[in-house]
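Residues in the sequence shown are numbered from 55 upward in steps of one, following our numbering.
Fair warning: there could be bad hints in the mix.
Computed beta-carbon distance windows for the label pairs [to be verified]: (1) E107 with K159: 17 to 27 Å; (2) D216 with D105: 38 to 48 Å; (3) E221 with K110: 38 to 48 Å; (4) E107 with C211: 34 to 44 Å; (5) D216 with L112: 37 to 47 Å; (6) V212 with T108: 20 to 30 Å; (7) Y90 with C225: 21 to 31 Å; (8) T108 with N208: 19 to 29 Å; (9) D148 with F200: 16 to 26 Å.
Restricting the straight-line Cα-Cα distance to at most 27 Å, the calculated cross-link-like pairs of lysine-lysine (DSS-like) are [said to hold, decoys possible]: (10) K214 with K159; (11) K229 with K159; (12) K229 with K214; (13) K214 with K227; (14) K159 with K116; (15) K159 with K110.
Treat the hints as calculated values from the structure; they're not laboratory data.
None of these values were measured; they are calculated from a predicted model.
The beta-carbon is built from N, C-alpha and C at its ideal position, and this holds for glycine as well.
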Amino acid sequence: MLKHQNHYMFSMDMKTLFGNNNNERNNINAIGGSGYAICSGSFDTTVRIWDIETTKQLNVFKGHENWILSVKYGLNELRNTILSGSDESVRLWDIRSGQQIQVFKGHIYGVTCVEYSPFVIKNSTDVIGGSSNVICSGSIDNTIRFWDIRSNKNGLCVIKGDDEKDEGVMCFKMKRKAKAMITLVVVLIYVTVHAVV
């Protein structure tokens, strides 16, 4: 294990993880993890939770109507994972029960990326260790949408890119930056087909 400040790098032997019994090839499209488990989203429209140590499959989520394009584990005490797919939806799942909690719809093309937002943090000034009630999704429809995970009603906010130039949001990242004791700034950087904004 290599350690540098809060970053750790592990080297381990990876065994092949098999999840489908039909001997068909199933490409993994997205991987997310929590430290003890990883989840893989694939072209067969399923997401599988794997134990890193034993390489055993723990759970399978079924519900997407098309490919899984992005997965993101919940923060610390959240036992949720969010998934996005080419079926234009964002889905919130309970990792332990395998039950779908919410479906968020509003994008008109495939959802390429999802993140927990640093907004609406409960009892914390830092997103690490806190739990956000807001998730964000980026799409080929050239929008970033913000959703409250406590409700699947209309989205909270939409950021729309330049239709003529951007051609879709491929990925994004938000970072909290404290400017002073009271002021908090959140920086949003997103990547489109043609530019970093």
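So which hints don't hold here, by number, going up? Violated hints: 1, 6, 8, 15; rest satisfied.
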